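Asks: Residues per chain, in single letters:
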Amino acid sequence: MKLKELLTPTLVYRTALGVSFILVISVAIVFHIQMKSLNQSVDLISDSNKKQFELEKIITEIIQRESGIRSYIITKDSLFYENNLQLKRKLFNGLSQLKSGYSSSEDIQNIENLSKDIQKRLALFEEVLAISNSKRTDPALLHAKLIEGNMQTKAIQQKIYKLIDKEVTKLKLHNINHRYDIETSTITAFSLTIITLVVLLFSLNKINLDFVKVRKLNEELKFVNQVSDNAEKVAGISHWKINIKTGKFFYSDNFFRILGLKPHAFEQNLDNFTPFIHPDDVEDAVRQHEESMRNHTPTSMIYRIVRQDGEIRYINSTGDFTHNSKGELVKIGVSNDITEEYTNKLALEEKNRTLIAMNAELESFNQIVSHDLQEPLRKIQMFISRIEDSDFETISEKGRDYFSKIKNAANRMQNLMMDLVDYSKTIKDDKVFVKTNLNKLLEDVVHELALNIEEKNAVIEIGNLPKLNTIPFQIHQLFVNLISNSLKYSKETTPPIIKIKAVKIKNGEKINDIELSDKKYYKITVTDNGIGFKQEFSEKIFMLFKRLETDIDYSGTGIGLAICKKIIENHNGFIKAEGKPDIGSVFILYLPK
Amino acid sequence: MIKDKSPINIMLADDDEDDRNFFNDAIKELKINNNLTVFKNGRELMDYLEHPNTILPHILFLDLNMPSKNGNECLKEIRQNSKFKDISIAIYSTSSAEKDIEETFVGGANIYIKKPNDFTNLKKVLKEVVNINWQFHTSGLNKDTFFFSI
Amino acid sequence: MKLYIKYDINQACRVILQEQLEKFGIQYQLLDLGEIEFKEAIPEEIYSQLREALKKYGIEMLDNQKSQLIQKIKDTIVEMVYEKDKLPTSTISSYLSDKLNLSYGYISNIFSEHTYTSIENYIIMQKIERAKKLIIEDGLTLTEVSYKLNYSSVAHLSGQFKKTTGLTPSMFKRIVDKRRNMTKE
Chain F
1 MKLKELLTPT
11 LVYRTALGVS
21 FILVISVAIV
31 FHIQMKSLNQ
41 SVDLISDSNK
51 KQFELEKIIT
61 EIIQRESGIR
71 SYIITKDSLF
81 YENNLQLKRK
91 LFNGLSQLKS
101 GYSSSEDIQN
111 IENLSKDIQK
121 RLALFEEVLA
131 ISNSKRTDPA
141 LLHAKLIEGN
151 MQTKAIQQKI
161 YKLIDKEVTK
171 LKLHNINHRY
181 DIETSTITAF
191 SLTIITLVVL
201 LFSLNKINLD
211 FVKVRKLNEE
221 LKFVNQVSDN
231 AEKVAGISHW
241 KINIKTGKFF
251 YSDNFFRILG
261 LKPHAFEQNL
271 DNFTPFIHPD
281 DVEDAVRQHE
291 ESMRNHTPTS
301 MIYRIVRQDG
311 EIRYINSTGD
321 FTHNSKGELV
331 KIGVSNDITE
341 EYTNKLALEE
351 KNRTLIAMNA
361 ELESFNQIVS
371 HDLQEPLRKI
381 QMFISRIEDS
391 DFETISEKGR
401 DYFSKIKNAA
411 NRMQNLMMDL
421 VDYSKTIKDD
431 KVFVKTNLNK
441 LLEDVVHELA
451 LNIEEKNAVI
461 EIGNLPKLNT
471 IPFQIHQLFV
481 NLISNSLKYS
491 KETTPPIIKI
501 KAVKIKNGEK
511 INDIELSDKK
521 YYKITVTDNG
531 IGFKQEFSEK
541 IFMLFKRLET
551 DIDYSGTGIG
561 LAICKKIIEN
571 HNGFIKAEGK
581 PDIGSVFILY
591 LPK
Chain S
1 MIKDKSPINI
11 MLADDDEDDR
21 NFFNDAIKEL
31 KINNNLTVFK
41 NGRELMDYLE
51 HPNTILPHIL
61 FLDLNMPSKN
71 GNECLKEIRQ
81 NSKFKDISIA
91 IYSTSSAEKD
101 IEETFVGGAN
111 IYIKKPNDFT
121 NLKKVLKEVV
131 NINWQFHTSG
141 LNKDTFFFSI
Chain G
1 MKLYIKYDIN
11 QACRVILQEQ
21 LEKFGIQYQL
31 LDLGEIEFKE
41 AIPEEIYSQL
51 REALKKYGIE
61 MLDNQKSQLI
71 QKIKDTIVEM
81 VYEKDKLPTS
91 TISSYLSDKL
101 NLSYGYISNI
111 FSEHTYTSIE
121 NYIIMQKIER
131 AKKLIIEDGL
141 TLTEVSYKLN
151 YSSVAHLSGQ
161 FKKTTGLTPS
171 MFKRIVDKRR
181 NMTKE
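Top line first, the protein sequences correspond to chains F, S and G.
End of the first sequence = 593 in the working numbering, gap-free, step of one.
End of the second sequence = 150 in the working numbering, gap-free, step of one.
End of the third sequence = 185 in the working numbering, gap-free, step of one.
No lab work stands behind these hints: they were computed from the structure.
If you're wondering where the values come from, they're calculated on a predicted model, not measured in any experiment.
In this text, a Cβ means the ideal position worked out from N, Cα and C, and glycines have one as well.
Treat the hints with care, since some could be wrong.
[What the hints assert, rightly or not] Partner residues aside, some chain G positions facing chain F, computed with beta carbon under 10 Å:
1. Ala12
2. Leu50
3. Ala155
4. Leu157
5. Gly159
6. Phe161
7. Ser170
[Claimed, not checked] With the C-beta cut set under 8 Å, the calculated list includes, among others, these residues of chain F facing chain S:
8. Val369
9. Ser370
10. His371
11. Gln374
12. Ser385
13. Lys501
[What the hints assert, rightly or not] Cut-off 27 Å, straight-line C-alpha distance, at most; resulting in silico cross-link-like pairs (DSSO-like, lysine-lysine):
14. S:Lys85 <-> G:Lys178
15. F:Lys159 <-> F:Lys120
16. G:Lys173 <-> S:Lys114
17. G:Lys23 <-> F:Lys440
18. S:Lys99 <-> F:Lys488
Take these sequences, add in the hints, and give me the full structure.
Replies: Set out below in structure tokens:
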């Protein structure tokens, strides 16, 4: 057993009470013994006093007899002496009483000796009396006999005093011993009482302290229970227990609330609960529960419950087996009201499905534009070229003019469709950001445009560009479009020079009233020496299908830069353009770091 | 070494009749000594190719979108059969998607042609393709890295 | 498992030629650039047997004078592109006419007449072929390739690459890598 368990409050009280009990009994025993010995002392004293009294009575009687006899001798008055026999009986009565009072042989011997001496003395009295009553009194003899009697009396007196002394000494000795005994026992009893008191006080104090603690704990427990009940209420959680041994069910208050009831609205058992489970779910739920009860396996299930007002709630219930403090197997579990999460999840799934469907639609739109629409258009173009090849000469001048117009329109339509596909790709939702080395990416872009660049005799200068998170194919498209744009709108007389570089953002630089900081954005500029544009068009050029008047000489769909804007927006960045007619244009990109 | 006289065997599988006609006309106008065999879908093509007596083509032009065995399926089957390892496969498709180009090259195609929208251009492309294929074969270039996209 | 091998096609051809010629008991001497000098006249019958035997290995015997010349031009170009670690800086026309001891005009005419392509295009084709090898087998960057093949700029090389293959070098590499991964699986 552990030390801590030994020190449980109850054990302390029990020990204290036991100790107190033993102490009180000890005190009682001590007092009992003390009383007993006190009684003995009293007996002893009275006995001793009696002996002394008897002894003194004997000697007094003898001395009285002696002086009576003397008085008779002088006066011859018989009043002075009693009957000798009466005296004799008195004396020996006393002696025999004395004798019975003693127990030790030495004392008895002493008494017997005394009795002999007394007998002797009594005989002498008789002799003296006889002498004095004789007609012829011998004064000398009488005198001698009187002195002898006196001597004997004195001897008897001495013996009696000796005996009395002995009694006194005995008493004294007893007294001394007894006083010591009383003192010791009083001290013992006193200390025992004090110890008992201390133990009792201590345990009382402890009980008091523990009681305070228990009360505090009780209050805390109450509070915790309240808190947990509130928490369950707020979180839509409840818990339950099933004791496998006793078959007893317990549902927490909120279990009832989840069912739309007041706590403990019904007696806690399975039969009262199952009617609340949705008819479609009840069979499965009960089966799972019963299986788990049989095999003692954990359960986890989602089922619906129907409240009395018909409201349906989704419950996520998980349970597992454990042992309670008594070592009995119990199934404990948590049942959560997940209606909100569940419906949200369903809504989200629905949304995702729609999104996927939309993406699929967009994909099929792309497919339609890039393939199904291109097919007939390509054939139109093909047949135009066939007619041009073979029958062009036979067509009238006007017809030929119309023909070239049809051809231009068809070509333009084809370009539009291609660009539309590119544009729709930037709307698609599969945006996967990857750390991209812009220099590497631009290398690829330049390779892709190699023929175009060579044809225009263009020079592309690329500075040190950062690595950043991008959707690579989109940024690729962005630079293809920007460089193509610069190549397309280059001056016929001067070979294009296109410079792409990263620039530090100046303090206070703004776009759309948003202040940009160097810490948050990369600034990349694409500068060309082409035909440029009027600054007033700087926003218009990014709009879908907007072409500038100057475009007439240049083929373009008006989608390329709109795609660029869309891509930059997909990257949470900004794009703007600055142009000067006949000098060139600068496209400025801000991409988040 | 120069087989001026020996004809080049060409096959085309395309479900679109107009496209087959354009192709036929273009090849004719190129004045190349050739044997052109045309199929309406992938199944017809594969059945013909797998016939033991068939003289295998030097170049096979494959449309991607075809009913009953599309171009990709044909490509896969042909490349899995070592009997056909010498055939140059030219994909002949409307799609110019980089994804399609990459996929078919990875799948074993040698040439990828985006169907031109101009007859003159078609002739030019076909001439170039026949020529480059011929160069590859006659100059002993590495067929494993023979890719040409036009 | 897949093993990559690098082979010397010339060495392989020489061994095959030696084996076959010895099989027919022909006295010969192998010269450079695919030329064989016969020490004695060979009967027509053995000649055609040899022709058939070599055909199995993809080796053709050329009998036409012009064909021989064209093959020699091609070989010279291939040698120029491959054998030299660095391409000659002198013009190709003078290099070829020096090597073959013929006027460039004559060479150029006879070449395009019989090959459906010009010497210039042929050189580009061979250079790009070597560029492919350098990119895939040696893992060189385009800058390194352009230096090695004597291009004036990377842009010039990538332009020719695009023109010859229709692909960017990176897409080309990606396709080859994917193909290799596919056959590995």
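Asks: If a hint holds in the structure, say so; if it does not, say that too.
Replies: Structure-based check of all given hints:
no.	hint	verdict
1	Ala12	34 Å, violated
2	Leu50	47 Å, violated
3	Ala155	6 Å, holds
4	Leu157	9 Å, holds
5	Gly159	4 Å, holds
6	Phe161	7 Å, holds
7	Ser170	5 Å, holds
8	Val369	11 Å, violated
9	Ser370	6 Å, holds
10	His371	5 Å, holds
11	Gln374	5 Å, holds
12	Ser385	4 Å, holds
13	Lys501	27 Å, violated
14	S:Lys85 <-> G:Lys178	19 Å, holds
15	F:Lys159 <-> F:Lys120	14 Å, holds
16	G:Lys173 <-> S:Lys114	21 Å, holds
17	G:Lys23 <-> F:Lys440	56 Å, violated
18	S:Lys99 <-> F:Lys488	26 Å, holds
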